[in-house]
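Undergrad: The hints should help you fit chain B onto chain A, whose structure is shown.
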Amino acid sequence: MSRILNWVEHRTGLRALAHEALYENIPSGARFRYVTGSMLVFAFVTQVVTGLFLWMAYSPSSQTAWESVYYIQYQMAGGWLLRGVHHFMAQVMIVVMGLHLLQVIVDGAYRAPREVNYWLGIVLMQLVLGLGLTGYLLPWDQKGYWATNVATNLMTLVPLVGQELQKVALGGGEYGHHTLTRFFAMHAGVLPALVVVFLGAHVALFRRHGITAKVTPGRPDQYFWPKQVLYDGIGCLVMLIVVVGLVMYFNGAELGAPADPSKQYSAARPEWYFLFLFQLLKYFESEFVGAIVVPGVIMGILTLAPIIGYSKWGHRFNVAFVLLLLVGAGTLTGLAIHEDWDKKEFIAAKHEAEQEADRVKELIVRREMRPDGELSSPLMIQDTAVELLRSDPLTQGPLLFEKHCSSCHAYRDAAGKTAITTREPAEEESEEESGESKKQQQSVSAPNLYGFASREWIAGVLDADQIASPDYFGKTAHRDGRMVAWVKKHLGSDADFPKEDREAIIAALSAQAQLRSQAEDEEKDQEKIAKGVALIQGTCATYCHKFGDAGQWGLAPDLTGYGSYEWMLGLISDPTHARFYRSENDRMPSFAKHLDQPATNTVSVRELSLIVDWIRGDYYQPHDKRPVMPHDADEAQRAVELARVMPSDLQSSDGVIGEKLSTAQQQTLKAERLFRLNCAPCHSHVAPTGRGIAALKPSAPNLYGFASRDWLKGLMDVNRINSPEYFGNTSHADGEMADFLNSSFSPDSFEDDEEGLKEALALREKVIVALSAEAQLPSQTEADAKAKQDGVLEEGQEAISGAGFNGGDCTDCHNYRDSGLSGGYPDLDGYGSREWIVGMIADPDNEHYYEGANDRMPAFGAASASGKPMLSQEEMLLLARWLRGEDLGVEVEPAAADDQ
Amino acid sequence: MADPHSSTPSKKSEQQPSTSPAGPGRRDVLTAATATVVGLVLALFPFAAGAMVFLDPVLRRKEETPGGDSDGAPGKWLRITNLSAIPSDGTPVQFAVIDDLKNAWNLQPNQPIGAVYLRRIVGETESTPDGAAPEIEAFNAICPHAGCFVAYQGDSETYLCPCHNSSFALDGEKIDKPGAFNPSPRPMDRLTVDETRVAEDNEVWVRFVNYYPGQHEQVPK
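Chains as they are written, first to last, in the working numbering: chain A, 1 to 900; chain B, 1 to 221.
To be clear, the hints were calculated from the coordinates, so they are not data collected in a lab.
Quantities reported herein were computed from a predicted structural model and do not represent experimental measurements.
A couple of the hints might just be wrong.
Listed below are the simulated SDA-like cross-link pairs for lysine to any residue, each with C-alpha atoms no more than 20 Å apart in a straight line [stated by the list, open to error]: (1) A:Lys344 to B:Ala151; (2) A:Lys403 to B:Ser88; (3) A:Lys593 to B:Ala85; (4) A:Lys282 to B:Gln215; (5) B:Lys102 to A:Glu164; (6) B:Lys102 to A:Leu888; (7) A:Lys344 to B:Gln215; (8) A:Lys593 to B:Ala151; (9) A:Lys282 to B:Ala151; (10) A:Lys343 to B:Ala151; (11) A:Lys670 to A:Leu888; (12) A:Lys344 to B:Tyr152; (13) A:Lys403 to B:Asp28; (14) A:Lys593 to A:Arg626; (15) A:Lys403 to B:Ala180; (16) A:Lys403 to B:Ala85; (17) A:Lys227 to A:Ala213; (18) A:Lys475 to A:Ala414; (19) A:Lys403 to B:Gln111; (20) A:Lys344 to B:Asp155; (21) A:Lys344 to B:Asn202; (22) A:Lys350 to B:Ala151; (23) A:Lys344 to B:Ser167; (24) B:Lys102 to A:Thr64; (25) A:Lys282 to B:Ala180; (26) A:Lys593 to A:Glu635; (27) A:Lys403 to B:Asp155; (28) B:Lys221 to A:Glu164; (29) A:Lys343 to B:Ile98; (30) B:Lys174 to A:Glu285; (31) A:Lys475 to B:Ser88; (32) B:Lys221 to B:Val58; (33) B:Lys76 to B:Ile98; (34) A:Lys282 to B:His216; (35) A:Lys593 to B:Leu170; (36) A:Lys343 to B:Asp155; (37) B:Lys221 to A:Pro159; (38) A:Lys593 to B:Leu83; (39) A:Lys350 to B:Leu170.
Extracted from the complex, chain B is given alone in its bound form:
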């Protein structure tokens, strides 16, 4: 490599004589503005190119949510279980909700997509008369506070959230005991049960909806 300065390194030798740039003029303002705009465009372009993909989850939403049934109510009717699987003494039991699970490029059929608690409503009097369909109550198992799964406590007959101690009575209402703060903003999310199918087919179908946690009102996801 030809390097005339290799043998005599000196700071001075690097400084080439040059004419100093002219001070800012009117034409330069335009140049500066243009340069700034060009620079901004160049800098923002890659971000703009990625923005669509980045926001895809939000943009996609409108096209794909089926919007529930024809009556406009949110959620999807799903078969949960047979009537016989629900204890007759009114103890709630947790059931997995099975549906096709869409996970980006994978579509896995029949995957657990959530959970519900089902229980028979047992009246004060004796069990339901023969022939009459029992009343079934369904709750989404997701805690309305922060979205954990609540657990049913058999000994106290309450639903208890293991994360932040929200607790609910059998009917899903909040339990407010003095000394034990209940952080949940609302009762457990009740789901609609198809009474006709309970009566006619002995099957429990539930309109399954997930609601956003942490809010006083139910906002379907």
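The following block holds chain A by itself, in its conformation from the complex:
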């Protein structure tokens, strides 16, 4: 054995080396106070070794750095421990380094002849701090990214070369791949190599001058081995236990959300040992002073300490200075922490960042439903981690809602708590205090979208007490609209609408949204929903809405797919679309009207999709049995396209491309389109030959030949007035007009008085002639002139005023030549004329028309929610002229049409 050892010794001199290393004399023997240097060496070696292992799994680029650190931390066996040790050893090393410096100064170990060694130590301190700074960025999380951002911005303050210095450090003008590669090369290559060089020199000089011992008389000298080695070992062991304890306590090193250059992390702070510098910046207007001059002066004094320390007072100054420095730095650090402690924004930002960090880790291991109903294995990161967050509705939805929707829409749960993190409820309170500020008016001018399309939400719409509240239509123009009127009339407290029917409608309408939160209830309530669907078809869809094949577009939003992803995207992207509010849209912007020119949209379809997915709860949640993935940009685009599919007869038809059209033809096409879009939901315009525009759902008179003799003949025919061609599908069916016809012209009411019947029928012909003449239709010009010649016209006019039919006179109800009633019954003066028709279209509720008796016909000329009428004056005039069969090639001034 000893021969082998001898051989080794002869060849290597190892024993002599070990002897040299271990048998250094320590005056007055081993002491625990000498351990800090060894602890620092141990810490550095640990950092090198753990760092090398981390290197084996780390990938420095802005697309992979966070991802690889995540993988080390959460996927690799023991990765959390390795990274934790590296992270916390760095922190402990800083503390021990501070102690070491303090000791060196207090014990005077920096004084001659050890000046150079002290300076080497100062260099080592800078290198270690540099390692801390560069290492902070490497995980590429929000915290490190934004804190280092400030640090590197400060580099530009260095005189003359500052900007170039920053560029070299960052590897370019902006943070990117090369920032990471450079920081990593510094952290893992340049700085450690320099530490090795300087540490070697530091230790060598230390051995040259020997330990600065605290000599106690009577305490015998000892060699370094074994007692001091044991003490050093104990010191290092304590350090190791502290580090491992910290790792266990904090569950490894923190990994924040991946860096997002577009999203400032307001709670970004440097590592705690730089906090005093951070705090210092708050006190100097010139950052140059705060970031360069003050730290420079401090370092300068520290560097000069050996020179200053040549005198006794100089040494005292040095001791005082270092103590003061520690107290000052400690105070600044304390101030920095204290300032953040109860800062609302800081806490909120920190909380948000923690949530994002948790969320992204949740998303990485998300599982999707496979077609066979099983859960897939974790999907991991397919693009980058930050992209996972950017495409997550739960993360982005509230932010986007806050930005684009919250100036009008609230998002408050039943407890009144706003569920958007960034808008503090306190803000609203203060606004209320300040009275009717503009912002407050704006802040809730549209429905509260919390739980949109859920049963609770729809129940509120269908509640006479709630629909006009600020949570629904209260602050919109629809407050005075048809829907509110309908709900108040039919669902008010004294209305007799069956409660079960209302609930069935709520369940059925809400089921259209296919909300995940209600899937189970809807599974159970299939019968109720089926009943509700039939009720909607028979109620909502007979009045205003379209629902599946029932009803029609044009008067109110389509209820088909109400609240579904596709429906919501369609509405938000363009509420003025025919399927939704058209011209009755109240102030809501079309956020993405132009699919073919995405750059012109206020908000991208993808962002809208994130908002919709968030409101609907369509985002990944780890505890879901059937997890969903958010819709991607392509799906969103397709959904919007789908939402806007129009029935072909509503689509614009400007004729065949290249076809030359006369003005009359163009105007006719335009009129037909206006009719299709605005009138054809209810009215037909079909000639007896069967040609024309059929109503989507005939619920109003066929307007072909309106006010002509033929048309009036049908209207005044006992057998036809109640047909769908006239009043059959309106509330006027079997109404007063029909009663009048019945008693005046039906054979039953004359019994055997054939003469009387004949007389009445003859008189009716004259009434028709006279009434039709009011319209002055171009097609009847000759006939009207002839009637005037024959005196038939005059007889008819007299008959209108007072023919004494069995059922009474026309003027018993209608206003005609200053006699008769106004209101409820249309005026007969100018009946069917341009002005009359325009007036009727513009405002059927007018006293000259159907005031109080109007059946569902909208006032197309009234300013709608958007401030503009559904039809302009020109459009109504065009429709009137087209209905009257005028020559549309001739231009007519739209003026004077609004007298009626």
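TA: For chain B alone, coordinates are given in the frame of chain A:
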């Protein structure tokens, strides 16, 4: 391995008799100088080889900065948003600035490269008369102090930097309140808005420039 000394290790045996080197002479000075130069060249060569790559970010700059518009002003005109997205009551809103992002070997189209605050200037009197284009004010969201993003505080109607407490009024000017030190060296960086496009297309285009933080004057990056 043949080793004649393996059995008798002795320090003495290692010392081979040799002639001691001659003292320094004139010829040796030349040799020493040459050796030093050669040594220096050898030692510096690897550093020289890396220097170009290391300084690439600085060297590259001159070739690649497009230098803004023909009028020589720095920055690039970028479309920020539609006019309708800016609240009419004069509340500033932060918008991302979207442009192609060059990141070493990656070129990612349409990435957020910064942020601006836009607000309508609302006069004392009623809102702008119909037809007249509203006046839009744009600020770079980066704090001129140390380069953080400033946040808009609705309740106090100020911009506040979350890092070192710089604060600015709605018009971007520094707020100097007694007791609350404002470390910013200059007001927020105002950006030029294309008024013609606001008036004609209802679009907000801004000449986007980042300035170096921490300096009294604006120095474009």
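Undergrad: So which of those numbered hints doesn't the model satisfy?
TA: Failing hints, ascending: 6, 7, 8, 13, 14, 15, 21, 29, 35, 39.
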